[in-house]
Amino acid sequence: MDLAAITIIQVINLIASLALLSIGLAVIFGMMRVINLAHGEFLMLGAYAVLVPTQAGVPLWISMFIIAPLFVGIVGVIIERLIIRHLYGRMMDTLLATWGLSLLIVGAMTMIFGNTMEGISTPFGSFTIGSLADSQYKFFTIGITAVVLLVAYIVLKFTRFGLIARATMQNSDQASVLGVSPPAVYTLTFGIGAALAGLAGAILAPISGVLPTMGAAYIAKAFITVIGGGEAILTGTAAASVFFGAINQTTTFFTSSVVGEVALLVAAIILLRLLPQGITGRFFRRGL
Amino acid sequence: MLEVKQLKVSYGRIPILHGVDFNVTEGEFIGILGHNGMGKTTLLKALIGLLKPVSGEIQLKNQNITRYPPHKRNRFGIGYVAQGRDIFPNLTVRENLRTGILMHKNLRSKETTIIEEILEDFPRLESLLNRRGGVLSGGEQQILALARCLCGSPELLLLDEPTEGIQPSIVEEIIEILKNLRVKRGLTVVLVEQNLEFISALSDRVYVIRRGVFTGELSPEQLANPEIVQEFVGMN
Numbered sequence: 647m648d649l650a651a652i653t654i655i656q657v658i659n660l661i662a663s664l665a666l667l668s669i670g671l672a673v674i675f676g677m678m679r680v681i682n683l684a685h686g687e688f689l690m691l692g693a694y695a696v697l698v699p700t701q702a703g704v705p706l707w708i709s710m711f712i713i714a715p716l717f718v719g720i721v722g723v724i725i726e727r728l729i730i731r732h733l734y735g736r737m738m739d740t741l742l743a744t745w746g747l748s749l750l751i752v753g754a755m756t757m758i759f760g761n762t763m764e765g766i767s768t769p770f771g772s773f774t775i776g777s778l779a780d781s782q783y784k785f786f787t788i789g790i791t792a793v794v795l796l797v798a799y800i801v802l803k804f805t806r807f808g809l810i811a812r813a814t815m816q817n818s819d820q821a822s823v824l825g826v827s828p829p830a831v832y833t834l835t836f837g838i839g840a841a842l843a844g845l846a847g848a849i850l851a852p853i854s855g856v857l858p859t860m861g862a863a864y865i866a867k868a869f870i871t872v873i874g875g876g877e878a879i880l881t882g883t884a885a886a887s888v889f890f891g892a893i894n895q896t897t898t899f900f901t902s903s904v905v906g907e908v909a910l911l912v913a914a915i916i917l918l919r920l921l922p923q924g925i926t927g928r929f930f931r932r933g934l
Numbered sequence: 158m159l160e161v162k163q164l165k166v167s168y169g170r171i172p173i174l175h176g177v178d179f180n181v182t183e184g185e186f187i188g189i190l191g192h193n194g195m196g197k198t199t200l201l202k203a204l205i206g207l208l209k210p211v212s213g214e215i216q217l218k219n220q221n222i223t224r225y226p227p228h229k230r231n232r233f234g235i236g237y238v239a240q241g242r243d244i245f246p247n248l249t250v251r252e253n254l255r256t257g258i259l260m261h262k263n264l265r266s267k268e269t270t271i272i273e274e275i276l277e278d279f280p281r282l283e284s285l286l287n288r289r290g291g292v293l294s295g296g297e298q299q300i301l302a303l304a305r306c307l308c309g310s311p312e313l314l315l316l317d318e319p320t321e322g323i324q325p326s327i328v329e330e331i332i333e334i335l336k337n338l339r340v341k342r343g344l345t346v347v348l349v350e351q352n353l354e355f356i357s358a359l360s361d362r363v364y365v366i367r368r369g370v371f372t373g374e375l376s377p378e379q380l381a382n383p384e385i386v387q388e389f390v391g392m393n
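Chains as they are written, first to last, in my numbering: chain A, 647 to 934; chain B, 158 to 393.
Please note that the accuracy of each hint is not assured.
What the hints assert, rightly or not - Below, a list of computed lysine-lysine pairs in the DSS-like style, where the Cα atoms sit at most 25 angstroms apart:
| # | chain 1 | residue 1 | chain 2 | residue 2 |
| --- | --- | --- | --- | --- |
| 1 | B | Lys209 | B | Lys165 |
| 2 | B | Lys341 | B | Lys218 |
| 3 | B | Lys267 | A | Lys803 |
| 4 | A | Lys803 | B | Lys262 |
| 5 | B | Lys341 | B | Lys267 |
| 6 | B | Lys209 | B | Lys229 |
What the hints assert, rightly or not - Simulated DEER-style distance windows between Cβ atoms:
| # | chain 1 | residue 1 | chain 2 | residue 2 | range |
| --- | --- | --- | --- | --- | --- |
| 7 | B | Asn221 | A | Val793 | 45 to 53 angstroms |
| 8 | A | Tyr734 | B | Ser167 | 16 to 24 angstroms |
| 9 | A | Gly927 | B | Phe233 | 33 to 41 angstroms |
| 10 | A | Arg727 | B | Glu268 | 25 to 33 angstroms |
| 11 | A | Pro829 | B | Glu333 | 33 to 41 angstroms |
| 12 | B | Glu268 | A | Leu728 | 35 to 43 angstroms |
| 13 | A | Gly927 | B | Lys162 | 45 to 53 angstroms |
| 14 | B | Lys165 | A | Pro829 | 19 to 27 angstroms |
| 15 | A | Ile729 | B | His192 | 41 to 49 angstroms |
| 16 | B | Arg342 | A | Phe929 | 40 to 48 angstroms |
| 17 | A | Pro769 | B | Phe233 | 50 to 58 angstroms |
| 18 | B | Lys162 | A | Met757 | 55 to 63 angstroms |
| 19 | B | Arg265 | A | Pro829 | 16 to 24 angstroms |
By construction, these hints were calculated from the structure, which means they are not laboratory data.
Glycine included, every Cβ here is placed at the ideal spot set by N, Cα and C.
Using the sequences plus the hints, can you model the full thing?
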């Protein structure tokens, strides 16, 4: 019974982490059809944007919720202006450009910080159920993910910016003749996607440790989640996270974490074979 | 109001418009008649800015707007209803209407009033407000596209074949709506069409376009005479 409760918490935690680390990529891919291979590095920059200020004495929550998203968001806006903007509609070129960018960021960060793992102590401590203990930080991750998804939903569904963004995503030429400047919307969208990646990196930092190459560990999972989710940004990310997260963690529980990862990949292949448009290509089509 | 001088436009390397000149004065309703492939849509896309001209000049309200991107032209007073309607299929009818308003800073605060006024002119949309745009019929989508465009209070309206693929009863309805709107809002309109009845019911003057140049000008009375039309346009 205790074991079941802990396991359920672990499954939900993994689902939340998947959704959190994918949402920034989903926003950028869903809105702009840009495959951002530097997404993992945005996560890593977010993690460093927590590590460095925290080591300098800034309270953890300020670095996590303000500095990291803001810093990575600004980096995103600059990258969009300098690189992505010139490659719209050329998916392969953006893919290569962002890959190069990812190598560049890893290289630069390694030069500055060295190739060593640094850590931030995980706040909150642990909780116990019966004889079993686990980190309370899991509840924090789950809660933040829920809040992020909810806020994203509210912004997309009920605000002016959300409406303009959805219109631009469906037909940018038509939006432009109604007075929308698609380049401005794209800059902002890319910035928001980057900021969300920064926030995700910041929240994962205390659990994962901080390393210049840490992005590589997440990029594949984030991609699988976004592609598996399909067109609807939020519904897709949430649905794919639940699906892959549950499979991964359940398999891990009965076997080992390596087999869990393999199960996730196998599930992704089967899913995309059956639903090439992703989950929201068939189900929850009207979702956001 | 609108002055177009020696406008040349190409799709890639293929020239489509070979130097188009015309003027539209305020309050006028201009028709442009021509077959498919003669450059009608290209002309309107160049006027709204979706296509960049190779050379030539476009002036609106005595200001050179040739280099303006589409969103700037829209905010400066040009409304454009594309061929094939181009409503946002996954937005509701109300959301579609709102997209016509939101980018106009002076209109934003009056959003609800504007939509109420528009619904008076387009009563058909009232019962559809919460439906998704994509489930509307072709005629309803056309009416929505027109209504959405008018939400931004344009002074100059560009219409690209609004009758294409639409049942005759709605064509009649659109004629009535446009006639009323002209009186009510003092709209200036440039309409491209190949539907003779529609264009002659509404236009003050009709230019004929053939292979990317204007080949003549017809009065609505001349349009009623099939022989003259045949001679100018090569269509009947």
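Tested hints:
| no. | hint | verdict |
| --- | --- | --- |
| 1 | B/Lys209 with B/Lys165 | holds, 9 angstroms |
| 2 | B/Lys341 with B/Lys218 | holds, 21 angstroms |
| 3 | B/Lys267 with A/Lys803 | holds, 20 angstroms |
| 4 | A/Lys803 with B/Lys262 | holds, 21 angstroms |
| 5 | B/Lys341 with B/Lys267 | holds, 19 angstroms |
| 6 | B/Lys209 with B/Lys229 | holds, 14 angstroms |
| 7 | B/Asn221 with A/Val793: 45 to 53 angstroms | holds, 50 angstroms |
| 8 | A/Tyr734 with B/Ser167: 16 to 24 angstroms | holds, 21 angstroms |
| 9 | A/Gly927 with B/Phe233: 33 to 41 angstroms | holds, 40 angstroms |
| 10 | A/Arg727 with B/Glu268: 25 to 33 angstroms | holds, 31 angstroms |
| 11 | A/Pro829 with B/Glu333: 33 to 41 angstroms | holds, 39 angstroms |
| 12 | B/Glu268 with A/Leu728: 35 to 43 angstroms | holds, 36 angstroms |
| 13 | A/Gly927 with B/Lys162: 45 to 53 angstroms | holds, 49 angstroms |
| 14 | B/Lys165 with A/Pro829: 19 to 27 angstroms | holds, 26 angstroms |
| 15 | A/Ile729 with B/His192: 41 to 49 angstroms | holds, 44 angstroms |
| 16 | B/Arg342 with A/Phe929: 40 to 48 angstroms | holds, 45 angstroms |
| 17 | A/Pro769 with B/Phe233: 50 to 58 angstroms | holds, 54 angstroms |
| 18 | B/Lys162 with A/Met757: 55 to 63 angstroms | holds, 57 angstroms |
| 19 | B/Arg265 with A/Pro829: 16 to 24 angstroms | holds, 21 angstroms |
The structure agrees with every numbered hint stated previously.
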